[in-house]
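Novice: Line by line, the protein sequences give chains A and B. If you count by the working numbering, then the first sequence holds residues 1 to 260, one letter each, in order. If you count by the working numbering, then the second sequence holds residues 1 to 345, one letter each, in order.
Don't take each hint at face value.
As the list claims (entries may be wrong) - Pair by pair, the computed Cβ-Cβ distance ranges are:
1. B/Arg104 <-> A/Ser103: 58 to 64 Å
2. A/Arg92 <-> B/Arg252: 56 to 62 Å
3. B/Lys262 <-> A/Glu153: 55 to 61 Å
4. A/Leu97 <-> B/Gly210: 51 to 57 Å
5. B/Lys16 <-> A/Phe6: 58 to 64 Å
6. B/Leu184 <-> A/Leu77: 40 to 46 Å
7. B/Gln242 <-> A/Arg92: 48 to 54 Å
8. B/Lys133 <-> A/Phe6: 38 to 44 Å
9. B/Arg104 <-> A/Arg92: 54 to 60 Å
Unchecked claim - In silico EDC-like links for lysine to aspartate or glutamate, alpha-carbon gap of 16 Å or less:
10. B/Lys133 <-> A/Asp156
11. A/Lys176 <-> B/Glu31
12. A/Lys94 <-> A/Glu153
13. B/Lys116 <-> B/Glu152
14. A/Lys98 <-> A/Glu153
15. B/Lys245 <-> B/Glu221
Keep in mind the hints are simulated off the structure, nothing from the lab. Heads up, the beta-carbon is just placed ideally off N, CA and C, and yes, glycines get one too.
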Amino acid sequence: MRKNKFLTFYACLVFGFLFLPLAIIAVTAFNTAPTISFPISGFTFKWFANVFATKSFLSGFQLSFMLAIVATLIALLVGVPAAYALSRNSVRGKKLLKSFFLSPTIIPGIVVGYSLYQFIVLKLKLPVMQGLLIGHFLVVLPYVIRVVGSALEQFDFSIEEMAWTLGCGKAQAFFKVVLPNISSGIVAAFMLAFINSFNNIPVSMFLSGPGVRTLPTALMNYIEYFYDPTVSAVSVLLMAATIAIMFVVEKTLGIGALTK
Amino acid sequence: MSKVTLNDINVSYDGKTQILKGLNLEIGEGELVSLLGPSGCGKTTTLRVIAGFIIPSSGQLFVDTEEMTKVPVHKRNFGLVFQSYALFPHLSVYENVAFGLKLRKMEKAEMDRKIKEILEVCDLTEYALRFPKQLSGGQRQRVALARALVIEPRLLLLDEPLSNLDAKLRLNMRVEIKRLQKKLGITTVFVTHDQEECFSISDKVAVMNGGVIEQFGTPEEIYSRPKTEFVARFIGFENFIQLRKTQENTYRANDGSLFTAKMDCGKSECLGTIRPDDIQIVTNEEAAGNTVTAKIEVRTYLGKSYQYELSTPIGRLVVNDGSGALYKAGDTIKIQLPAAKIVLV
Chain A
1 MRKNKFLTFY
11 ACLVFGFLFL
21 PLAIIAVTAF
31 NTAPTISFPI
41 SGFTFKWFAN
51 VFATKSFLSG
61 FQLSFMLAIV
71 ATLIALLVGV
81 PAAYALSRNS
91 VRGKKLLKSF
101 FLSPTIIPGI
111 VVGYSLYQFI
121 VLKLKLPVMQ
131 GLLIGHFLVV
141 LPYVIRVVGS
151 ALEQFDFSIE
161 EMAWTLGCGK
171 AQAFFKVVLP
181 NISSGIVAAF
191 MLAFINSFNN
201 IPVSMFLSGP
211 GVRTLPTALM
221 NYIEYFYDPT
231 VSAVSVLLMA
241 ATIAIMFVVE
251 KTLGIGALTK
Chain B
1 MSKVTLNDIN
11 VSYDGKTQIL
21 KGLNLEIGEG
31 ELVSLLGPSG
41 CGKTTTLRVI
51 AGFIIPSSGQ
61 LFVDTEEMTK
71 VPVHKRNFGL
81 VFQSYALFPH
91 LSVYENVAFG
101 LKLRKMEKAE
111 MDRKIKEILE
121 VCDLTEYALR
131 FPKQLSGGQR
141 QRVALARALV
151 IEPRLLLLDE
161 PLSNLDAKLR
171 LNMRVEIKRL
181 QKKLGITTVF
191 VTHDQEECFS
201 ISDKVAVMNG
211 GVIEQFGTPE
221 EIYSRPKTEF
231 VARFIGFENF
241 IQLRKTQENT
251 YRANDGSLFT
261 AKMDCGKSEC
271 LGTIRPDDIQ
281 IVTNEEAAGN
291 TVTAKIEVRT
301 YLGKSYQYEL
311 STPIGRLVVN
321 DGSGALYKAG
331 DTIKIQLPAA
341 KIVLV
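Produce the complete structure using the sequences and hints provided.
Specialist: Right, dumping it as structure tokens:
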């Protein structure tokens with residue numbers, strides 16, 4: 001195949017645009033200067049030490065992590081059966097339901113956050129933790145239904161019917177035949193949902209209460225008062241963790257599982 | 001061995017469109033019965049009713065004397081093979097075959113013996129540890145068959161099991177299925193749209209059209225004595241002539257010429273039909289009764305014979321001629337329709 005020099009150059013430009021800011025942030029994390037600046041004037045790990053000394057980051061990370069895990073697991077428990085019902089039964093208004101489940105990914109996060117604030121905090125007056133959990137669950141549920149749904153649609157329904165003829169009840173067939181074959185879809189859904197919950201700012205902002213902060217909101221809060229490279233250091237740590245997870249997923253499932 | 005009775009089965013999907021219309025069918029013990037018909041004729045629906053995927057809106061299904069119309073799929077113990085084979089992709093060949101036995105809470109040693117036996121019969125022993133995606137089409141087909149047979153089903157249901165195979169393999173598998181079916185003596189329903197496949201394998205054939213069975217009989221009966229125009233057309237009778245009965249065994253065509261037929265149609269007006277292979281091209285001297293003068297419109301080379309499309313006073317006819325004599329478009333010839341080969345419907 002003939003190489004198109006212009007296209008190669010263009011692709012490099014786009015990648016540069018995407019990754020350069022990340023690279024610069026990564027470099028600034030090691031700067032000795034007390035503000036985020038580039039190029040750097042010296043090399044130090046002290047901002048990393050500062051990350052672990054800052055209480056709001058540690059508790060924020062803990063909260064975000066727990067929240068993302070629990071919200072995602074609940075979303076899987078609710079979303080997998082929902083996706084199954086949508087893909088197998090000719091539910092009336094199936095198309096409408098599908099677009100409805102997609103809607104939270106289209107509606108601006110700030111709108112979702114505000115309406116949840118109205119409903120969960122003002123109307124139901126739920127405790128902060130419950131409110132956050134419900135909010136994050138609702139944010140990630142569409143991802144689960146969409147990703148698991150597409151995995152189910154690629155799975156040949158006759159394989160399930162075959163399990164019935166061999167003596168499986170419907171529930172048994174689901175666990176013995178369907179689940180093992182959509183496991184990569186479920187892992188993909190878990191990853192997407194987890195990352196979305198972990199990253200979420202608008203919903204967390206509205207639903208957080210005094211003393212309860214997720215990591216992203218803690219970061220935003222920190223930047224308002226300090227402009228030192230601690231935030232860069234947090235970013236570097238998060239990037240490293242993401243790369244590590246992606247590496248594991250790629251090795252076990254193949255990265256295709258996430259984009260399918 | 002089981003016998004199957006379908007009694008006045010009606011199926012409609014949305015309450016309006018009737019897929020099966022009062023279908024009756026009786027399958028004897030140990031018989032292999034084919035459901036033959038074009039797509040959309042209801043043959044797969046019939047199989048799915050027997051399998052239990054579809055509960056008919058009315059009518060009953062009996063296996064032996066037991067009514068099974070509403071028995072759930074997993075309690076029927078019927079073996080099924082789909083066109084797509086539907087092997088479990090996450091299980092090896094051995095585990096695929098073991099699937100049904102495991103659910104039957106069978107003793108381990110006994111199970112292992114049965115699996116090895118059926119793998120041997122289906123010529124799969126060396127592939128036991130492979131996964132479905134590592135197998136060829138024919139091997140997958142055999143796994144599907146082994147998986148269906150190992151549970152010792154009351155019935156074997158085959159839904160176009162050969163249509164994903166290439167021509168040569170198809171022929172081998174056809175013989176293989178027949179051999180296994182006879183050896184195990186298992187009552188079998190075979191769905192297909194391929195008439196050659198169907199005739200070669202079946203004890204009886206049900207030709208279906210529009211949700212009803214048009215004709216049910218042995219392959220020989222259907223091949224030589226189709227009862228309706230649809231059946232005749234479907235199994236390769238391409239020539240149809242409007243006939244009016246004048247006296248016993250004598251019929252008048254639209255142009256006034258007389259034809260004799262061995263068979264009696266039982267009504268005053270009927271369609272005479274004959275296969276392209278059965279019409280003979282004759283010389284003027286040979287011409288006796290049942291002859292027609294025809295003009296050749298199109299000649300097509302078929303390999304072992306030539307096919308001529310003819311225009312005649314009694315309508316357009318198609319003739320396959322393997323005699324070696326060659327005619328060309330525009331020639332005028334004489335053809336004879338042997339009285340014994342004319343079928344009246």
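Novice: Please go over all the hints and tell whether each is borne out by the structure.
Specialist: Here is what the structure says about each hint:
{"no.": "1", "hint": "B/Arg104 <-> A/Ser103: 58 to 64 Å", "verdict": "violated, 47 Å"}
{"no.": "2", "hint": "A/Arg92 <-> B/Arg252: 56 to 62 Å", "verdict": "holds, 59 Å"}
{"no.": "3", "hint": "B/Lys262 <-> A/Glu153: 55 to 61 Å", "verdict": "holds, 58 Å"}
{"no.": "4", "hint": "A/Leu97 <-> B/Gly210: 51 to 57 Å", "verdict": "violated, 35 Å"}
{"no.": "5", "hint": "B/Lys16 <-> A/Phe6: 58 to 64 Å", "verdict": "holds, 59 Å"}
{"no.": "6", "hint": "B/Leu184 <-> A/Leu77: 40 to 46 Å", "verdict": "holds, 45 Å"}
{"no.": "7", "hint": "B/Gln242 <-> A/Arg92: 48 to 54 Å", "verdict": "holds, 51 Å"}
{"no.": "8", "hint": "B/Lys133 <-> A/Phe6: 38 to 44 Å", "verdict": "holds, 40 Å"}
{"no.": "9", "hint": "B/Arg104 <-> A/Arg92: 54 to 60 Å", "verdict": "violated, 38 Å"}
{"no.": "10", "hint": "B/Lys133 <-> A/Asp156", "verdict": "holds, 14 Å"}
{"no.": "11", "hint": "A/Lys176 <-> B/Glu31", "verdict": "violated, 34 Å"}
{"no.": "12", "hint": "A/Lys94 <-> A/Glu153", "verdict": "holds, 14 Å"}
{"no.": "13", "hint": "B/Lys116 <-> B/Glu152", "verdict": "holds, 14 Å"}
{"no.": "14", "hint": "A/Lys98 <-> A/Glu153", "verdict": "holds, 13 Å"}
{"no.": "15", "hint": "B/Lys245 <-> B/Glu221", "verdict": "violated, 24 Å"}
Hints 1, 4, 9, 11 and 15 from the earlier list are contradicted by this structure; the remaining hints agree with it.
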